[in-house]
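A.B. asks: First to last, the sequence lines map onto chains A and B.
The first sequence begins at 63 in my numbering and counts up by one.
The second sequence begins at 63 in my numbering and counts up by one.
Treat each hint with caution, since some may be false.
Because identical chains share one entry, a pair is satisfied inside a single copy or across any pair of copies.
To be verified - DSBU-like mimics (lysine-lysine), calculated; alpha carbons at most 30 Å apart, straight line: (1) K218 <-> K168; (2) K103 <-> K113; (3) K103 <-> K168; (4) K168 <-> K113.
It should be emphasised that the hints constitute simulated quantities derived from the structure, not laboratory data.
The structure presented is a predicted model; accordingly, all values stated were derived computationally and were not measured.
There are 2 protein chains.
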Amino acid sequence: MARWEPGARERLVLAACDLFIEQGYDATTVAEIAERAGVTKSTFFRHFPDKRELLVAGQETLSRLLAEGVAEAPAGATPLEAVAVALRRVSDAMGPVNRELGPRLKAAVASSAELQERDALKSVGLAAAVTAALIARGVPDPVAALAGEMGVLAFKRGYAVWIEGDDPNDDLARHTLTALGDLRAASASLG
Amino acid sequence: MARWEPGARERLVLAACDLFIEQGYDATTVAEIAERAGVTKSTFFRHFPDKRELLVAGQETLSRLLAEGVAEAPAGATPLEAVAVALRRVSDAMGPVNRELGPRLKAAVASSAELQERDALKSVGLAAAVTAALIARGVPDPVAALAGEMGVLAFKRGYAVWIEGDDPNDDLARHTLTALGDLRAASASLG
């Protein structure tokens, strides 16, 4: 399983997080982010369209991996089994770099209303991607929409546990799949 | 059940929607919105902090009504029964003015990435409000989080049907409660 490439891109994200937390999102310029990361401004713009997109740049990759996971689940898989394949696929693509970035991303997003909004839109986009992939498998709409929301909820809950843990070799898939199992069990006690 | 007060506030929202659709969100000023609505700029600022908040100004009211509905459900209500009380409460507070605004709000939000982001954050806020109200009733966390997401999904799905229908006296509660029933049924076929 390919891991996200480390290098200039991750240094830029780390530098941006630190600057956003230190001096605020509004006050931070692309030039400062590039300088802190030790790259040129044109390198910044080869990776990101602007400073806001930088913190959600993984969204398209996440959406693609989730949709591929759903599509590649065995033909007889239930909707939540397909979501579990998607969670394993996206979790396996996130390694130590993502785990190290996690708490800084979280702090940076928490520091800016604008970044919180962008982050909320990211969740909506991920749920839409999973829902569309389930519908493409023939899952009927309300089931697909619910399973899509549960997949994203499981990812967010598992990711939150993962980035707060102490073990640097901890496996994200374990946490996202546990969270999905918890939500599946929860669905039985909704009334 | 009190309906949202019509008047300057609704005229401002209507004017803003129309201007955003006609000439774009970025190009529209508060002065233009106030002029189109036939009020002064200071009247605008008595109702809204800025043009962006205008389109999601009902969010606090929605969150409060949803949380009150959950809190006031009978002691023995299941999580989804409490969510149904919340949906009825918030649906009953929305009348013909909201129904008339709906399609224009939808078109305005669709026209601007910034408004889409703000709208996504609104969904996240509503789900958090329902989840917190359920936890306050003693519903355990994963069940509360799932029921909160389902409540917001039911509201959005029912609202979308309501604003697209032909009957001006149509009842929003009928659609949101039908959507919740569909999601409840869907949860049985998740696998």
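A.B. asks: Treating 30 Å as the Cα threshold, decide for K103 and K168: within, between, both or neither.
C.D. replies: within (25 Å within a copy, 38 Å between copies)
A.B. asks: As a check of your reading, is K103 near K113 (CA-CA no more than 30 Å) within one copy, between copies, both or neither?
C.D. replies: within (11 Å within a copy, 33 Å between copies)
A.B. asks: At most 30 Å between CA atoms: does that hold for K168 and K113 within a copy, between copies, both, or neither?
C.D. replies: Classified as both; 16 Å inside a copy, 28 Å across copies.
A.B. asks: Please work out whether the CA atoms of K218 and K168 approach to 30 Å or closer within one copy, between two copies, in both situations, or in neither?
C.D. replies: both (12 Å within a copy, 27 Å between copies)
Checked against the numbered hints listed earlier, the structure breaks none of them; every hint is satisfied.
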